[in-house]
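Student: In order, the protein sequences belong to chains A and B. First residue of the first sequence: 1, per the numbering used here; consecutive thereafter. First residue of the second sequence: 113, per the numbering used here; consecutive thereafter.
Hints should not be assumed to be uniformly reliable.
The list that follows gives simulated cross-link-like pairs (lysine to aspartate or glutamate, EDC-like), each with its CA atoms no further than 16 Å apart [unchecked claim]:
hint, chain 1, residue 1, chain 2, residue 2
1, A, K99, B, D210
2, B, K153, A, E88
3, B, K153, A, D8
4, A, K99, B, E171
Just so you know, the hints here were simulated from the structure itself, not pulled from any lab data.
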Amino acid sequence: AQSVTQPDIHITVSEGASLELRCNYSYGATPYLFWYVQSPGQGLQLLLKYFSGDTLVQGIKGFEAEFKRSQSSFNLRKPSVHWSDAAEYFCAVSGATNKLIFGTGTLLAVQP
Amino acid sequence: GAVVSQHPSRVICKSGTSVKIECRSLDFQATTMFWYRQFPKQSLMLMATSNEGSKATYEQGVEKDKFLINHASLTLSTLTVASAHPEDSSFYICSARDPGLAVQETQYFGPGTRLLVL
């Protein structure tokens with residue numbers, strides 16, 4: 001069955017510290033992978049996506065993610081977190097059906 | 113960039129009434145739109161796929177008679193919650209797929225509609 005796992009429900013980092021949010025997926029074919037961010041009471045904004053090619057993808061707001069097929073992972077990273085990055089982050093996978101399957105999300109808190 | 117709007121952003125209604133939520137793609141034509149439901153502190157669950165000019169495809173467990181979807185134009189899809197009850201209270205989010213993109217679709221999400229049924 002297709003699924004996405006985000007093992008960390010809640011993460012707190014200090015402003016300026018580095019960040020890594022974990023995402024593991026289970027998908028039978030070549031996956032298309034996404035990271036979205038959701039601010040409180042808002043819709044989702046696409047941070048980055050992986051379809052093919054270079055396994056390290058760059059996104060908006062200084063985020064990047066690396067696709068590791070051997071580990072079925074697509075972890076999101078940022079070298080220096082800003083207070084405005086506090087939000088909920090969702091990893092998602094889709095394929096030929098074009099349906100997005102979301103993980104349960106990781107809530108990021110940023111300490112001053 | 114691709115912009116998707118939803119209206120209303122928030123609605124409070126009495127149990128038994130019907131509520132209509134609109135989803136519009138503002139700067140592109142969307143042949144396919146998706147409707148999601150998000151419970152507090154949970155992930156988004158796909159409810160249905162809305163295709164312009166045809167019937168919506170509902171996910172397993174979603175009542176098609178309760179959640180009526182109409183995609184009458186390339187820029188508008190509507191979700192009507194029929195005879196809403198308190199358990200229908202949730203955050204409803206739509207997304208639209210831009211068929212003009214050269215790569216496998218990216219879905220652009222609306223800001224969501226908060227429904228509270230009293």
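Student: Against this structure, judge whether each hint is valid.
Tutor: Checked hints:
Between the alpha carbons of A/K99 and B/D210 the distance comes to roughly 14 Å, so the proposed pair stays at or under 16 Å and holds. Taken as a hint, the B/K153 and A/E88 pair is honoured in the structure, with Cα atoms around 9 Å apart against an allowance of 16 Å. With a C-alpha separation of about 13 Å, the suggested pairing of B/K153 with A/D8 holds against the 16 Å cut-off. About 10 Å separates the Cα atoms of A/K99 and B/E171, which keeps this hinted pair within 16 Å; it holds.
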